[in-house]
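One letter stands for each residue in the lines below.
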Amino acid sequence: MEFDWSEDDRKHRAEFRAFLGEFLPDDWEQLAEGGPGSDVQAAFSRRFCRELAARGWLTQHWPEEYGGKATPPWRHSIIGEECWANGEPRGPQYMNVNWIGPAIMRFGTDEQKAHHLPLISSGEVLWCQGFSEPEAGSDLVALRTSARRDGDTYVINGSKIWTSYVNHADYIILLVRTDPDSDKHRGISVLLVPMDTPGIEVREIPSVVGERYFHEVFFSDVRVPTSVRLGPEDEGWGVVSYALQYERVGAARYARAALTLDRLAEHARERGLLEDPLVVDRLAEARTLCEAARMLTYRVIDERAHDHPPSTHTQLARVANTRADYAVGELTVEILGADALEYGSFADANFRLAMTAGVAVGATEVQLNLIAARHLGLPRG
Amino acid sequence: MDFELDDDQREILGAVERLLERHAGQPRATELAAKAEYDHALDEALAEAGFDEMVDLESRSGALEATLIVEAIARAAGVTSFAAHALVARAALGEAVDGPVALAAGDPSAPIRFGAHARTLLRVDEDDVRVVPLEGGDAEPVASNFGYPLGRVTEDALARGRALGAGSGATLRCWWRLAIAAEAVGTMRAALDCTVDYLKERRQFGRPIGSFQAVQHRLADCSVRVEGSRFLVYEAAHSRAPEEATACAAAFALESARLLFRETHQLSGAIGFTREHPLHAWSMRLHALGSELEGVRGHRRALARARWGVS
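In order, the protein sequence lines correspond to chains A and B.
Okay, so the first sequence: first residue is 1 according to this note's numbering, each after it adds one.
Okay, so the second sequence: first residue is 1001 according to this note's numbering, each after it adds one.
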């Protein structure tokens, strides 16, 4: 075991921090607090990712044949940590580089790879994820959006829900049912659909999380060539399972929570609240949760660095990140009192991100089911 | 970064686990606890096999290797002060002292883990440490239900010994916190394994209890806490017990220990409280470990001091 960063990793982090310090605008914190769905942050994310790409940092963990430098997973995780701690200036593009790109590498045709991977690795493209449906949330297999084959064309009908970033996205990675007679894992396919295809309609779902955070996406006789399908027809579940293993730990929530907590401790000091041992106790407790989440997340990255197949380490890390996020979010509101209630304030912006932690990219209960079955080997109910 | 054991570590761990299979384990712990006895035979076996000094604490990952041994002994419910004499004393003093070793702080009249059997007491006094040699008659056994033999050391004995000097108290506290956290990790792992095994077998309402989702989620939450504690401990050990990392590991592990006690007992039902069922050998100890160095609130205070300079 080795828990020190290598000299190269340290240098890499220092360089990246210096870059962030230089490149993030002075009013970045206000921009970031608008949330990743806001117009201004989406526009900034395009500029930011282009710059990352130009410096070879956006997809350095990708294989060389796809424009990466095949750096160890740790290198990319350092960027993830620093970005999340700073309000994720990559916006939705963290999804592209963490799992959509790798899924295309694994399952894509030569044409798909040639088209999509350079767009992703140059930071030119925004993606969103069309998985959940009104009747298919945690139980994703229940999805009903259909893609009926008409020669070399799919005709898509149905709707997706809870979609983030869709208002700015160029593409949607879409789960559809290609076999109408099946309601099981088989019969699902993955399509890579350009968002400007006629027949797609987007409606915002106003929410307390933030502006343009959730959307519903409607598909009415949307026609796309079958060549947009990723992986074999009717066997998209395997593609998604592969992608989700990478998605579920993509977000370094612990890094943002830990930084928020340090700032909260400063706020508490300014208000004289560090004299209160109960406040100190709660701050320290939250810190332990962030640190435990960091170690469990590192363990997932380590598993990848050793080229082991993804295991339940992923779910353990996800649950730990959720616990940390909630603890810091709740404490921030409690300690800052009424000031926390003002929209766009430090506490409010943090709380709005933290409160989705247990639901975003798969409910905590589903993660716990997987831990019980696969990590503890408990019998099925 | 590398979260996997290297060959040396795997070998050390394998060797100590084989030794513990022969010389420790829950039935032995239960038997010794009934008589409030200390396991001198286990200490001898560990010393003979060279584990006390196998690990060079000055080497790059020596402290981590010693910590792995401490964790393994706790999993096997060993009744030994190995954590105190082979890790804490050696690391904090830079030399070995006569074992068994007891560690104490705070109220001098409070019972001390291994106090009645120790030949050396390390007593933290503010920022200093007193190294107190103990002889027969210096301590009285104290009956306890919490899985370790306890003793109360006389005032006369406490007045003896040599002081190590300013700064030694802080250093010793760090290593002590690491040791408690490592023992808690080994103990929690065993308590959880024991409970999971039982719940796979025990049937009610025509199915194994462990198949109920209400039970599964609670056990899954326990494993998140146990695995998180483990790696916080390993990282703190690897970096040779700095204040922030050890306080963080101990605060998280001992808070987790409270959850583990509650959940393993609740889910095991009445049988879990009996001496015929193995759970008590680990579960009761979790609270004993949680009482040292002012417990979770002491660890959290130390963490806040190290992290945010809270006085």
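Everything labelled a hint here was simulated from the structure, so no lab data went into it.
The beta carbon of each residue, even a glycine, is placed where N, CA and C say it ideally should be.
Watch out, some of these pointers could steer you wrong.
Beyond 10 Å from chain A on every Cβ pair, some chain B residues (computed) [to be verified]: (1) D1052; (2) R1130; (3) V1196; (4) Q1204; (5) P1208; (6) A1251.
Computed cross-link-like contacts, SDA-like style, restricted to lysine to any residue with a CA-CA straight-line distance of at most 20 Å [stated by the list, open to error]: (7) B:K1200 x A:N369; (8) B:K1200 x B:E1276; (9) B:K1200 x A:G381; (10) B:K1200 x A:A54; (11) A:K11 x B:M1001; (12) B:K1035 x B:F1273; (13) A:K11 x B:D1002; (14) B:K1035 x B:H1277; (15) B:K1200 x A:P232; (16) A:K184 x A:P232; (17) A:K69 x A:N86; (18) B:K1200 x A:K11; (19) A:K113 x A:E65.
Cβ-Cβ distance ranges computed for the label pairs, FRET-style [as the list claims (entries may be wrong)]: (20) B:R1258 x A:S138: 26 to 32 Å; (21) B:G1014 x A:D170: 30 to 36 Å; (22) B:E1058 x A:E15: 52 to 58 Å.
Each hint, compared with the structure:
1. Non-interface status of D1052 of chain B relative to chain A is upheld: no Cβ of that chain comes within 10 Å, the nearest being about 22 Å off.
2. The non-interface label for R1130 of chain B is consistent with chain A: the shortest C-beta to C-beta separation is roughly 28 Å, beyond 10 Å.
3. The beta carbon of V1196 of chain B sits about 5 Å from the closest Cβ of chain A, which is not more than 10 Å, so the claim that it is off the interface is violated.
4. Under the 10 Å C-beta cut-off, the non-interface status given to Q1204 of chain B relative to chain A holds; the minimum distance is some 13 Å.
5. A beta-carbon of chain A comes within 10 Å of the beta-carbon of P1208 of chain B; the shortest separation is about 5 Å.
6. The claim that A1251 of chain B is not at the interface with chain A is violated, since a C-beta of that chain comes within 10 Å of its own (minimum 5 Å).
7. Between the alpha carbons of K1200 of chain B and N369 of chain A the distance comes to roughly 15 Å, so the proposed pair stays at or under 20 Å and holds.
8. For the hint pairing K1200 of chain B with E1276 of chain B, the CA-to-CA distance comes to about 18 Å; that is within 20 Å, so the pair holds.
9. The straight-line distance between the Cα atoms of K1200 of chain B and G381 of chain A is roughly 11 Å, inside the 20 Å bound, and the hint therefore holds.
10. With a C-alpha separation of about 55 Å, the suggested pairing of K1200 of chain B with A54 of chain A is violated against the 20 Å cut-off.
11. Straight-line distance between C-alpha atoms of K11 of chain A and M1001 of chain B comes to about 15 Å, which keeps the hinted pair within the 20 Å bound.
12. Proximity of K1035 of chain B to F1273 of chain B is assessed by CA-CA distance (about 19 Å); at most 20 Å being required, the pair is judged to hold.
13. Note on K11 of chain A and D1002 of chain B: the hinted pairing holds, with a Cα-Cα distance of about 18 Å set against a maximum of 20 Å.
14. Note on K1035 of chain B and H1277 of chain B: the hinted pairing holds, with a Cα-Cα distance of about 18 Å set against a maximum of 20 Å.
15. A C-alpha spacing of about 39 Å is found between K1200 of chain B and P232 of chain A, which places the hinted pair above 20 Å, so the restraint is violated.
16. Only pairs whose Cα atoms come within 20 Å are accepted, and K184 of chain A paired with P232 of chain A is accepted, the gap being roughly 16 Å.
17. Between K69 of chain A and N86 of chain A, the direct Cα distance comes to roughly 25 Å. Violation of the 20 Å bound is thereby established for this hinted pair.
18. A hinted pair counts as satisfied when its Cα atoms are at most 20 Å apart, and K1200 of chain B with K11 of chain A does not qualify at roughly 49 Å.
19. Proximity of K113 of chain A to E65 of chain A is assessed by CA-CA distance (about 11 Å); at most 20 Å being required, the pair is judged to hold.
20. Look at R1258 of chain B against S138 of chain A: about 30 Å separates their beta carbons, and that is inside 26 to 32 Å.
21. Look at G1014 of chain B against D170 of chain A: about 54 Å separates their beta carbons, and that is not inside 30 to 36 Å.
22. Between E1058 of chain B and E15 of chain A the beta carbon distance is about 33 Å. The supplied range of 52 to 58 Å is therefore violated.
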